[in-house]
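Chain by chain, the residues run as shown.
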Amino acid sequence: MSEIPSSLSALSRYLATSKISSVELTETFLSRIREYDSRYNSFITVTEESARSAAKEADSIRARGNNVPALCGIPIAHKDLFCTRGVNTTCASRMLEGYVPPFDATVVERLKTHGAVMLGKTNMDEFAMGSSNEHSAFGAVRNPWDTDRVPGGSSGGSAAALAAGLCAAATATDTGGSARQPAALCGLTALKPSYGRISRYGMIAFASSLDQASTLTRSAEDAAWLLSAMAGSDERDSTCVDVPVDDYRAALNNPSAMRLGVVNDWLDADQASATAIEDALLVLEKAGHKITRIDLPRVALGISAYYVLACAECASNLARYDGVRYGYRCQDARSIEDLMVRSRSESLGAEVQRRILIGTFVLSSGYYDAYYRKAQQLRRLICEEFKKAFEDVDILIGATTTGVAFRLGEKSASPTEMYREDLYTIPANLAGLPAMSVPVGMSSGLPLGMHLVAPYLEEGRLLALANQFQQVSDWHTRTPAIS
Amino acid sequence: MSIDVTVLEKLMRLAYLAPVADDTSQAQKRALKNLNEALSLIQQMNAVDTKGVEPMAHPLDIVQPLREDKVQTSVDREALQKGAPELRDGFYTVPRVVEEDSER
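Chains as they are written, first to last, in numbering that gives the first Met the number 0: chain P, 0 to 482; chain R, 0 to 103.
For reference, chain P alone in the conformation it holds in the complex:
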């Protein structure tokens, strides 16, 4: 399974020195997908033909020699939430089954411009709502480390595909932890950048003030490569900030001594996670960083504010799915109301409908102040608590999740039990701060993740620390046995 290197920089060198062509590389991944993906169900759509022609084009560009883009010929997968021109984009929902966008999302466009080859669209929790990838209209995704277990969600397909070696890197999105939590459960590195760092144009909306495109890669170095290609202002997304993009690859160089704030609540996880984090802290201390312990009581309540705000925003964003202009339309509608009600009710999954109802409730008159307004106020307090903490520390640290990947069906009895998977990841979305998850250990053969949060627009700082950690540890190099 490992005749080809796994890092993007090594792959790029192989391609540059003609050790392998993009056509051969792409074919390798396509045949792996064909052979192994039935075990994981990580892809919804595999774009074999267009991948082959994109690979061929990449090889010609390389042959011509001038202006070879950074990711030229490297095969990646896109979460099926990014619009791809001419290619099915479903958000893992019956509502968008068969929907073919007439345009590319900015993220897709940019990675294409940088030469990446798209292998296909990955499975996910429907409309990005979930933490296990069990809420997909196209079947659950299985964790390559143990196929009885979940890969996490909502970017479970991207995580499983990468962990199983079915692509070189993958895009994901993160609204409450949907890139970081699957990364932790699958032994991968995830980077959710600052809100507004990457354009959301063409990224099908769940919660507009929380959603952010993210990277799923095997290392912080690879994350820097992808982020460099994806980040930057876009006049088609008015929430995309017009701030120059840092040189993330340069930022990887050894960071100066940092003050690392361990959030005590974020260690309230199973024994293995807590131990793994403590071991990592020793490694980081040895590398010259200073560890302090802090409490963030407002941040700890982020999950409550999140489920008000995310649900409210999703109720609004998903109102467009009414069977009129595109997407699923029910049969034999008796009236316009019947058409809309049945088109939605027959095609939207249970979790999606649940969140729409919660959102509708918190926005309805009589409850708006007690819930929606209150949550917005708590959001401000959380942002302020983070700001204050960052006066004394440079990066906040903890466990990404409370434990390892759980079994399929294990958390289905109670939706709120599932919601707690994102307990530690949610606050960074509320505050719009950049955050990463990096592999930090193993427990009974399953990966564990360490969570890092930095101040607004300090992705470089995160990447530097994560990269340094990955030079003195090897958790991120572990891969599941695939045979």
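In case anyone wonders, no lab produced these hints; they're calculated from the structure. Just so you know, these numbers come straight off a predicted model, no measurement behind them. Heads up, the beta-carbon is just placed ideally off N, CA and C, and yes, glycines get one too. Hints should not be assumed to be uniformly reliable.
[Stated by the list, open to error] SDA-like, lysine to any residue: derived pairs with alpha carbons at most 20 Å apart: (1) R:Lys32 with P:Ala349; (2) R:Lys50 with P:Tyr366; (3) P:Lys387 with R:Leu31; (4) P:Lys285 with P:Ala318; (5) R:Lys9 with P:Lys387; (6) R:Lys81 with P:Val323; (7) P:Lys289 with P:Asn263; (8) R:Lys28 with P:Gln352; (9) R:Lys81 with P:Pro101; (10) P:Lys386 with R:Asp60; (11) R:Lys32 with P:Pro101; (12) P:Lys285 with P:Asn253; (13) P:Lys111 with P:Pro101; (14) P:Lys410 with R:Leu31; (15) P:Lys386 with P:Lys285; (16) R:Lys9 with P:Glu350.
[Stated by the list, open to error] Per the computed footprint, the stretches of chain R lying under chain P, defined by three or more beta-carbons under 8 Å from a beta-carbon of chain P, are: (17) 33-47; (18) 67-73.
Start from chain P and add chain R according to the hints.
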């Protein structure tokens, strides 16, 4: 505070959703249970005193950027309407919206 059947039915009307399964009472019971559990999680917010705090809608303090007031071509209509469920002369067709005797 908890959500009862009356509130649930109102929410479903507002959200343009309706039960599709045959056994609607079972589905309704489950829906109520799940919604009220979510509500308990949400109500943990009440532990925090937010008196006088300015609500925050958005993590960024930004102003809506404006573009030049110049006519631009938009997207190709044919491409946009390609996947429409029902189309006639560029219009999306739906059951009659305005009825003589409306039941609403």
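Evaluation of the provided hints:
For the proposed pair R:Lys32 and P:Ala349, the alpha carbon gap of about 13 Å is at most 20 Å, so the pair holds. The suggested pairing of R:Lys50 with P:Tyr366 holds, with an alpha-carbon distance near 17 Å, which does not exceed 20 Å. Among the hinted pairs, P:Lys387 with R:Leu31 is inconsistent with the structure: their alpha-carbon atoms are about 40 Å apart, more than 20 Å. A threshold of 20 Å between alpha carbons decides the hint, and for P:Lys285 with P:Ala318 the separation of about 52 Å lies outside it, so the pair is violated.
Taking the CA atoms of R:Lys9 and P:Lys387, the gap is about 42 Å. The hint is violated against a cut of 20 Å. At most 20 Å may separate the alpha-carbon atoms for a hinted pair to count; R:Lys81 and P:Val323 meet this at roughly 13 Å. At most 20 Å may separate the alpha-carbon atoms for a hinted pair to count; P:Lys289 and P:Asn263 meet this at roughly 16 Å. At roughly 15 Å between alpha-carbon atoms, R:Lys28 and P:Gln352 fall within 20 Å of each other, so this suggested pair holds.
Straight-line distance between C-alpha atoms of R:Lys81 and P:Pro101 comes to about 9 Å, which keeps the hinted pair within the 20 Å bound. Distance restraint check for P:Lys386 and R:Asp60: the Cα-Cα separation of roughly 14 Å lies within the 20 Å cut-off, and the hinted pair is therefore satisfied. For the given pair, R:Lys32 sits about 41 Å from P:Pro101 by alpha-carbon distance, which is inconsistent with the 20 Å threshold. Distance hint between P:Lys285 and P:Asn253 is fulfilled; the C-alpha atoms sit about 14 Å from each other, no more than 20 Å.
For the proposed pair P:Lys111 and P:Pro101, the alpha carbon gap of about 16 Å is at most 20 Å, so the pair holds. A hinted pair counts as satisfied when its Cα atoms are at most 20 Å apart, and P:Lys410 with R:Leu31 qualifies at roughly 18 Å. Taking the CA atoms of P:Lys386 and P:Lys285, the gap is about 27 Å. The hint is violated against a cut of 20 Å. Annotation: proposed proximity of R:Lys9 to P:Glu350 holds, straight-line Cα distance about 19 Å (limit 20 Å).
Residues of the stretch 33-47 of chain R with a Cβ under 8 Å from some Cβ of chain P number 14, which satisfies the need for three, so the listed coverage holds. Coverage of the stretch 67-73 of chain R by chain P is violated [criterion: at least 3 residues with CB-CB distance below 8 Å; count 0].
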